[in-house]
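The primary structure of each chain is shown beneath.
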Amino acid sequence: MIERILLLILFLVGFSGILIKKNIVKKIIGLNILNSAVVMFFIVEGRTVGERSPILDPGVSNVVDPVPQALMLTAIVIGVCITALALALAFRLYKAAGSFDIDTIKASLHD
Amino acid sequence: MKGDRLLRTLRILITMAAVAAVAAPVFLSRTPWPSTARDYLERAGVADSGAINLVSAIYLGYRAFDTLGETIVLLVAVSGTISILSRSGASLAPGFGSVAADNASFSLPQDKPTTHTLRTHLIEVVTGKLGPVVLLFGFYLMLYGHLSPGGGFQGGVVIASGIVFIAIGSRRDASTWLTKASALNKIESLGFLLLMSAALSGVFAGKGVLGNPLDGPLFGKAAFIIVLNIVIGLKVGSGIGFMCIAMLGRHRS
Amino acid sequence: MMVILLLALIVVLAVFSLASKDLLHSVIALSAISLLSTLLFYILRAPDVAITEAAVGAGVTTVIFVWALRNTDRMDRDR
Numbered sequence: 001m002i003e004r005i006l007l008l009i010l011f012l013v014g015f016s017g018i019l020i021k022k023n024i025v026k027k028i029i030g031l032n033i034l035n036s037a038v039v040m041f042f043i044v045e046g047r048t049v050g051e052r053s054p055i056l057d058p059g060v061s062n063v064v065d066p067v068p069q070a071l072m073l074t075a076i077v078i079g080v081c082i083t084a085l086a087l088a089l090a091f092r093l094y095k096a097a098g099s100f101d102i103d104t105i106k107a108s109l110h111d
Numbered sequence: 112m113k114g115d116r117l118l119r120t121l122r123i124l125i126t127m128a129a130v131a132a133v134a135a136p137v138f139l140s141r142t143p144w145p146s147t148a149r150d151y152l153e154r155a156g157v158a159d160s161g162a163i164n165l166v167s168a169i170y171l172g173y174r175a176f177d178t179l180g181e182t183i184v185l186l187v188a189v190s191g192t193i194s195i196l197s198r199s200g201a202s203l204a205p206g207f208g209s210v211a212a213d214n215a216s217f218s219l220p221q222d223k224p225t226t227h228t229l230r231t232h233l234i235e236v237v238t239g240k241l242g243p244v245v246l247l248f249g250f251y252l253m254l255y256g257h258l259s260p261g262g263g264f265q266g267g268v269v270i271a272s273g274i275v276f277i278a279i280g281s282r283r284d285a286s287t288w289l290t291k292a293s294a295l296n297k298i299e300s301l302g303f304l305l306l307m308s309a310a311l312s313g314v315f316a317g318k319g320v321l322g323n324p325l326d327g328p329l330f331g332k333a334a335f336i337i338v339l340n341i342v343i344g345l346k347v348g349s350g351i352g353f354m355c356i357a358m359l360g361r362h363r364s
Numbered sequence: 365m366m367v368i369l370l371l372a373l374i375v376v377l378a379v380f381s382l383a384s385k386d387l388l389h390s391v392i393a394l395s396a397i398s399l400l401s402t403l404l405f406y407i408l409r410a411p412d413v414a415i416t417e418a419a420v421g422a423g424v425t426t427v428i429f430v431w432a433l434r435n436t437d438r439m440d441r442d443r
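Residue numbers (this note's numbering), protein chains in the order written: chain A, 1 to 111; chain B, 112 to 364; chain C, 365 to 443.
FYI, nobody ran anything at the bench for these hints, they're computed from the structure. One thing to keep in mind: the hints can contain errors.
What the hints assert, rightly or not - Here are the simulated DSS-like cross-link-like pairs (lysine-lysine), alpha carbons at most 30 Å apart as the crow flies:
id : chain 1 : residue 1 : chain 2 : residue 2
1  : B       : Lys240    : B       : Lys318
2  : B       : Lys318    : C       : Lys385
3  : C       : Lys385    : A       : Lys106
To be verified - Some, not all, of what chain C presents toward chain B, calculated at C-beta under 8 Å:
id : residue
4  : Asp386
5  : Leu388
6  : His389
7  : Ile392
8  : Ala419
9  : Val424
Beta carbons: idealized from backbone N, C-alpha and C, even for Gly.
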């Protein structure tokens, strides 16, 4: 139970990073933390149904649920794709407006 | 000014309370995780797909469309990132951006001339000598994905790390074709083409898209999983390697 | 027990990463979060996810972030 509470706290920390911080790179870091929290939550939940890792060598039974692990593989790779594109866009905004701060960017794009 | 800050704090608090109220029942729920999937896969996973590694059996057998979609997302992300960056005056590695960006960025004043070498002795020993070992490990992970932890994605990203190691740590006059833009481009396109052909080959064998056409007395079911692993590994490795080497920029030694 | 310890350490690192003024320190903290979650995935019997997270989080993500910081601002001018 404590693990789930800590994961909820991590989720809220990541989300508050996106909400509160004014620097775009900090927002992207918050997005990354949010992604990690959700991935960890699925793996923790999948662990509760078994004992051994899901590789069926002869004589192995009572394995951990392999479905969340397969889904989280995809989620991790897509997370890094999102981070790469987001940083490319942030770089483009920096070249256009001169700063990573969203207030400055908003002001300079309104002209 | 004070009222603005108060309003902003209030908005942030209300939003965080709403998100916490929505996320808390999901994270803290007491219903146990159902074990139906695990029971079925323990019984029939190896017989259905031929792979001992159940995670490989899932993302290459039962849910192979997810894998197809993921490779498409990776392709779009890498090409989108490189195209955004090469048009915005970033100093990418020579040959990795567009030709116009290469010609234009030679005259940009913000190319700071670095006086220190990129390649210190520490980097040369650690990355230059360790690069081929990491590449070999990546190939091992890619090929043995159906028997032990590993597979297409895992091997692919380790191969990408190996390619980046070789690009960082090699000597100036030592040239390998593996870190050139044209080679990585060709490997990635070839990998995607082979993935499409492997996906459609199941149709011609009568088993549906991404079905297993090699199921017979000659090969056994795991051969198709090995083929898919190799193709996905090549594609992911060369795609991410291309993006990372492009971002490493120009070497000044 | 190890799981709870690792998760608490990850939460502390996440708060530091978002609160630091130097963006390079934030990126290194993000890479440390990725390393600790790799260990966590291995303890939770998920070796495939651990390999992917190790190679992707500590490798590719850090390279992309460091590149983005190198060509632009390194300090968070907001604070």
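Subject >> Indices of hints not satisfied (ascending) >> reply: Going through the list in order, the structure violates hints 1, 2, 4, 5, 6, 7 and respects the others.
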